[in-house]
Amino acid sequence: DSGVTQTPKHLITATGQRVTLRCSPRSGDLSVYWYQQSLDQGLQFLIQYYNGEERAKGNILERFSAQQFPDLHSELNLSSLELGDSALYFCASSVSPEETQYFGPGTRLLVL
Amino acid sequence: GQQLNQSPQSMFIQEGEDVSMNCTSSSIFNTWLWYKQDPGEGPVLLIALYKAGELTSNGRLTAQFGITRKDSFLNISASIPSDVGIYFCAGQLEGSNYKLTFGKGTLLTVNP
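Protein sequence lines correspond, in order, to chains A and Z. As numbered in the numbering used here, residues 672 to 783 make up the first sequence, in order. As numbered in the numbering used here, residues 14 to 125 make up the second sequence, in order.
A few of these clues could be false.
To be verified - Incomplete in silico selection of chain A near chain Z, CB under 7 Å: (1) Gly729; (2) Gly755; (3) Thr771; (4) Gly777.
Claimed, not checked - Below, computed lysine-lysine pairings styled on DSS-like, alpha-carbon distance capped at 30 Å: (5) Z:Lys83 - Z:Lys64; (6) Z:Lys64 - Z:Lys112; (7) Z:Lys83 - Z:Lys112; (8) Z:Lys83 - Z:Lys117; (9) A:Lys680 - Z:Lys83; (10) Z:Lys64 - A:Lys680; (11) A:Lys728 - Z:Lys64; (12) A:Lys680 - Z:Lys117; (13) A:Lys680 - A:Lys728; (14) Z:Lys117 - Z:Lys64; (15) Z:Lys83 - A:Lys728; (16) A:Lys680 - Z:Lys112.
Note that these hints are calculated values from the structure, not bench results. Treat the numbers as computed from the prediction; the structure is a model and nothing was measured. Yeah, the Cβ is synthetic: ideal placement off N, Cα and C, and Gly gets one too.
The following block holds chain A by itself, in its conformation from the complex (with noise of 0.2 Å):
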């Protein structure tokens, strides 16, 4: 158990729905980090935030959007679902952007 937890653990819904996947870090951890993993593309980094803010984005799609919360949890919104967004969702969490990363167990979503 790496400490990072990560709800739902399995979502299904239709296509043009929106979902929000949600994160709280390891106690103690600042930093947020959100990747896609899929069987073609392997684990895509998405954004990462500090404290709050964001600090760097990655392959991540107009259609989907993160944000950090007081609490140091986060959330992940993605919207106008389509099919190829079925994937597995993990958020990782570490002290600061240098130190090492720990992944939540991960959220399966399925677009159908």
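Put chain Z on the given structure of chain A with help from the hints.
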């Protein structure tokens, strides 16, 4: 985006055998990390490497940060059935604001 070339893609070995996998890139990395992912779980950190030439062990696992900072390898000695899983290398590119780039993974199967 930046790619890490991880090889081999898959390995099928007998229990007790040693295993070696590696990652290479055309770019320079500041940090190399090796993760293991079990089905339905998030990646779990095995070894972190922070300096060129660094050789680090974690039980039966040994990893090295290449001198050129463009490659890393992971060795597993005396494999056991619970070593089965997908092994990922990941690196933090110089100047990338600490976001991780992942290899495509090596699927390891151990035959008892």
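Quiz item: Can you list which hints this structure breaks, lowest number first?
Solution: Hints 2, 9, 10 are the ones this structure does not satisfy, whereas the remaining hints hold.
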